[in-house]
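Those sequence lines, one after another, are chains G and B.
Residue numbering for the first sequence follows the working numbering, beginning at 1 and increasing consecutively.
Residue numbering for the second sequence follows the working numbering, beginning at 167 and increasing consecutively.
Just to be clear, a hint being listed does not mean it is correct.
[Said to hold, decoys possible] Subject to a maximum C-alpha distance of 30 Å in a straight line, what follows is the list of computed DSSO-like cross-link-like pairs (lysine-lysine):
1) B:211 x B:304
2) B:304 x G:23
3) B:211 x B:177
4) B:177 x G:52
5) B:177 x G:23
6) G:116 x B:304
It is worth saying that the hints were derived from the structure and are not from the lab.
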Amino acid sequence: MNDAQTPDVPARFLRLPSVAERKLGADFTAPVRLDPRVLDQMQDTIRELTVKYSENLKVQVGSLFSFIEPTAAGEAEARNQLYSTAHEIRGLAGTFGYPTVGRFAHSLCAYLENYKSIVSTVMRFHVEAMYDALQGRGTDDILASDTLASLDRLIALSHDGERSAG
Amino acid sequence: MTDRELFARLKILIVDDSAEMRNVLAALLESMGVGAILSAASGEKGLELFCAEAPDLIITDGSMRPMDGYELTRRVRNGECPEGNGDCHDRDVPVLMISGHVGAEMVRLARDNGVTDYIGKPITAATLYERVLAAVSKPIHIVETKAYRGPSPRRRLVPHMSIDPLSE
Chain G
1 MNDAQTPDVP ARFLRLPSVA ERKLGADFTA PVRLDPRVLD QMQDTIRELT VKYSENLKVQ
61 VGSLFSFIEP TAAGEAEARN QLYSTAHEIR GLAGTFGYPT VGRFAHSLCA YLENYKSIVS
121 TVMRFHVEAM YDALQGRGTD DILASDTLAS LDRLIALSHD GERSAG
Chain B
167 MTDRELFARL KILIVDDSAE MRNVLAALLE SMGVGAILSA ASGEKGLELF CAEAPDLIIT
227 DGSMRPMDGY ELTRRVRNGE CPEGNGDCHD RDVPVLMISG HVGAEMVRLA RDNGVTDYIG
287 KPITAATLYE RVLAAVSKPI HIVETKAYRG PSPRRRLVPH MSIDPLSE
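Take the sequences, apply the hints, and build the full model.
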């Protein structure tokens, strides 16, 4: 039967066994709560990785400063490096106990995603906010939220009338 | 049956272009007791490994270049294995997407491409554990039409946030 002869096929709804049922049998029942021993083990792993991550984060934040001016001058490679570094920080800083640094990195990533032409002052303020948070300054939630609001206002002022790229 | 006994039987594929993120995810999965962990640095490599190794679960980043996590998921659902690179053993494999983009548009894109569950960055141990457990222990509900096969594209997909970077 070709397509022209095929009547409209309605959607089929299938219920397939879970991965666990396939591996362990149909009588598998999902656990009702997380096993605290597994969670503890995972937290231990995060603690072990945190020392190394903290050192790496300092290097990453430091490196961001060097990409600001070339990025503002329109160098695509510098912009890529700036974005990918900020993207990595956004992804992991919160996991390792630096949620404020991650929030500023998130704001910087959003800025780079949404605007084609970017302003060095906006980038510098973001990176300085990350640097300060990393040094333990400005990690208070209210202060961090105020700083983020200020960064938003700075972006709005710097791009007054400009349409975002995103 | 404990979680650990279940995890020991799992083969999980991590796809992320950040080496640091891959390492952290692998270390966390290892500490959960996951039996086999595979990792790929790009969507292309991820698709190759999926076809060759038939993992029980894929954990993928959203934004990667050139093939991102959305396209990877769509290709898995469509059974598009690269030629001579094994077979798409299980097009219905659960796919967890971990992404920094938690806006409605990107979450919709993930849902429409067949992503099973969406986790916002940054992740915590508890969120990863909980979502992996849910992905492998819940029955898989699939909608099949002429043009689509995967989790219902009409369902409400809400990102799981460990720490909300935009809140407060």
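Going through the hints against the structure:
For the proposed pair residue 211 of chain B and residue 304 of chain B, the alpha carbon gap of about 27 Å is at most 30 Å, so the pair holds. At most 30 Å may separate the alpha-carbon atoms for a hinted pair to count; residue 304 of chain B and residue 23 of chain G meet this at roughly 13 Å. Proposed proximity of residue 211 of chain B and residue 177 of chain B is supported: the alpha carbons are some 16 Å apart, at most 30 Å. Using a Cα cut-off of 30 Å, the hinted pair residue 177 of chain B and residue 52 of chain G holds, with the two alpha carbons roughly 27 Å apart.
The suggested pairing of residue 177 of chain B with residue 23 of chain G holds, with an alpha-carbon distance near 11 Å, which does not exceed 30 Å. Among the hinted pairs, residue 116 of chain G with residue 304 of chain B is inconsistent with the structure: their alpha-carbon atoms are about 43 Å apart, more than 30 Å.
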